[in-house]
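Each chain, written out:
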Amino acid sequence: MGLFSYIVKRILFSIPVIIIISILCFGIIQLPPGDYADAYAAVAASTGGGSVSKEYIEQIRERYGLDQPFWIQYWRWVKGFPEGDFGIAMSLQGTPVTDILKERLPMTLFLNVSALIFALLIALPIGVFSATHQYSMLDYILTFIAFIGIAIPGFILAVFIITISIFWFDSTYIGRLYSNEFIGEAWNMDKIIDFLKHLPVPIIAIGIAQTSNTMRIMRGNMLDVLRQPFIQTARAKGLSEASVNWKHAARIAINPIISRIGVYLPEIIATEMLVSIVLNLNTIGPLFYDSLIAQDMYLAGTILLVISIILVLGNLIADIALALTDPRIRYELT
Amino acid sequence: MEENNVLVDVRDLAVYFHIEQGIVKAVDGVNFKIEKGKSLGVVGESGCGKTITALSLLLLHPQPEGRIEKGNIFFYSDSGDRIDIAKLGINSKQIRQRRGNDIAMIFQEPMMSLNPVLNIGQQLMETIRLHQKVDKKTANKIAVEALERVRISAPERRMKEYPFQLSGGMRQRVMIAIALSCNPKLLIADEPTTALDVTIEAEILKLITDLQKELGMSMMMITHDLGVIGEMTDDVVVMYVGKIVEKASTKRLFDEPLHPYTKALFKSRPEIRTQGRLSSIKGSVPNPYMQPKGCSFEPRCEVAMDICKKKAPGFFDLGEHLVSCWKYSDGEGL
Amino acid sequence: MWRKFLKHRVAVIASVILISLYTVVIFANFFAPYGMLTSYKFHTYAPPQVTKINFFDKEGNFHIRPFIYRQVAARDPKTLRFVYEGDLKQKDYIYFFVRGEPYTMLGFINSDIHFFGVKEGSLFLLGTDIIGRDLLSRIIFGGRVSLSIGLIGVIILLIIGTIVGTISGYYGGWIDNFIQRIIEIIRTIPQVALWMALASIIPKEWPSIYVYLGIVIIFGLIGWAGLAREVRGKVLAIRRSDFILAAEVSGASTSRIIAKHIIPNVLSHIIVIATLSIPIMIIGEAALSFLGLGIKPPMTSWGLLLTQLREVQTLKHFPWLISPALFLVVSVLCYNFIGDALRDVNDPHSR
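Residue numbers (the numbering used here), protein chains in the order written: chain A, 4 to 337; chain B, 808 to 1141; chain C, 10 to 360.
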């Protein structure tokens, strides 16, 4: 019961935070001088469509209510929330924002989560291995690699991975998530395989930055845990080294990392945005970018809001996961 | 066979630690036997090597720094077979089959010796299912019985509890339950009550003695507390800086301690009638890297002679009472 | 204090590297063999010529002065791109302090002497870009922006963060709560998204220099939250100390207490955090410029130089264009080393 009420409390507390964030998001998007109408005119002028007449600009303004004061505009946006209406994307011919997001959000989440899992899947075992074979040649090599990974900042690593992939792999699978033939087609086996071939580069590029850090932390945690007396007890029971390392030591060493997933998420989201812009992926990154330039406030504001919510949720999930794995924390909550 | 009442026969065992600063001879040639159904006490100050000796019986001595340099650890199984534990591979299947099964060990600090994130039941059943081919239900039953045997109240409830929910005394009982769950032939107890309150200490010691009689186990009791030795052991060896300095039955030792070190140990125990300052042994345990050429106790010995500085004494047998001291070289006491 | 720092060999090496980097970019006009904007029409996408420097010529003669065979461009009939061949009849020797393009450095030094170069022909050590601009020179000039943004941004961040953190920690109560909530909220929005959003605020029409200032301010505005939290923590810790109590009891005014007692004690921590924030800003600027939201031409920065790589195919054909990334990595690494060493000097147990 305690765990449940804890979750409920956390969610309730997040709501005012999210509300304030929504105001902030909306406000930030509105900050640049001018509005969508002006941006529209500017784009039209620079793409050689000739200048747009003043009346037309005014028309656009009126249509989207761009001339209203901030709070009214904000209200117009927010009032649609309960029904799932997040306004319309003016820069995309008035498609409802919800539709656009519905199209791109799942893929974004999929990539982010996959990258995170990828990072953990690689880093954790290596961390365990590094700790149990401390001071061996392999440990030194892994430590060195990890160090490089930590030292090189995230987005450069991502670019670097992309660079390497171009040289080593067939470059037709780099950039975009689907080959041309499959866009808009229903999912069949071929499309899935094609998709899977496109996946490795983005996922590795996004996740790699977290891998090194996690590896070092896991190694450190393992070393700490392995020093504890109960490890000796476990051995004295007759358990194999593998059992001792995984069933007992790794299980505890993981906890601090789970609780820090909340810290990983922003980095992953950030790297994902950069990577998806570079690789022209079908996710939120490029969308956000374009909407910012076009000053499409409903679209940009909603995206910003959504990303923040994802972050808050991610943190919440991480905390819950921690409570589930560590009975001491569960006990404290009751 | 004359040997059939011996369970463990340790011959000339030496365990050295190879570290940066040099070689530490933690255990330097010890000989002792543990007989079936009887208990042997090992007494000495901290750092004298008693714990390492005990750990090496299960090949649990710290690796890779610690190595069994020479000697044998003969263990006699039920069928009369003799295996030399010292020759088994570290963490090999053979030694793991002994651990927790034939030879069990309990440690000093029950809080840190139990895995904090697993409940009691899991930790008990782990041992049981490891050494006995039983299904979960049976293992559960055995576990509950084990808890009953160590006189823990409400055993079924305890199975679901976690170490941090139990008191120190209860945790030690759980440790004992785990150790005894597979009916070992030998129980090694390394300072099991040092970390407990005095009142609890008495209970635990009584429990161990009762269980030993009940199960017909042998026991090796490691302690620095002569009182515990007097209460619980049949025979005793006194260790100093990695060597055994005196070996006798407990009764004999308490009647007439021979080695100067043993005498000093007895003198430094506070008794009700003690008045004035407690006597302590002058000097301190020597630097482990610089072993003196002669008798290692000589610098602190009040009755040291010339020869003590020059040559290390062997063992002198005064009739079932062995002493390593030049004072008894002609078979007489002084 | 300094002696302890000097014991960290890596940090010392890092400091030396950074100082060298900064010196080179400050006197960019002198160190760079070419101007920032000069383009050489017939040397577009020239590969790096570092490898073409010789001490031995084709006949096996050794020359003390290194030279490069004159690079002549010819069009590859198939790809229509320029391909470069060394003309064995022409040796261009490399000189130090050679005369080259005239410039006005730092606004008042007029000269045309460059640190190194060739009298005739061309020496593009790291190759050229799409319109034939020497990459090395552009990297040097770009370094001005990349390396300075971190420094200036950090100053803003320091001021805001320290003030807010100190107030929050010292006064406690509802002020502290309020400020903490704000910080939490700021931290909830992913930084990169925030950067992008704020960067897009900068009007496109602004001249480069204002854009630069705008970016700097943005970084300062967003980054202070982290520093404020740390400062608050340290201030809280000291707040209850006896010596603060003594100062209060003896009637010292709040500002005096803060200035004379609290700040000196947290100063060392602040420096560590500041040093570690610089690389974050350097990367941030690089990322923004890379996306086109940051520095605008004619100014250039390392991030901006990497924009050419947005087209993934470019890298395959002209791999040397990634060199700015190396400089980025090295600078960030150096700052991180120095920051780590400072942190270690401060509080050896903080790891």
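Among the hints, a few may not be true.
[To be verified] Under the rule of at most 30 Å between Cα atoms (straight-line distance), these lysine-lysine pairs were calculated in the DSBU-like manner: (1) B:K1116 to B:K1134; (2) B:K900 to B:K843; (3) B:K1020 to B:K832; (4) B:K1117 to B:K832; (5) B:K940 to A:K250; (6) A:K12 to B:K967; (7) B:K1074 to B:K1118; (8) A:K194 to C:K100; (9) B:K840 to B:K1100; (10) B:K900 to A:K250; (11) B:K1118 to B:K1089; (12) B:K1013 to B:K1089; (13) B:K1089 to B:K1058; (14) C:K325 to A:K200; (15) B:K845 to B:K1070; (16) B:K948 to B:K1013; (17) B:K1020 to B:K1089; (18) A:K250 to B:K894; (19) C:K100 to C:K50; (20) A:K250 to B:K944; (21) B:K967 to A:K250; (22) B:K943 to A:K250; (23) A:K250 to B:K832.
Calculated directly from the structure, the hints in this document are not laboratory data.
None of these values were measured; they are calculated from a predicted model.
List in ascending order the numbers of the hints, as given earlier, that are violated by the structure. 3, 8, 12, 17 and 23
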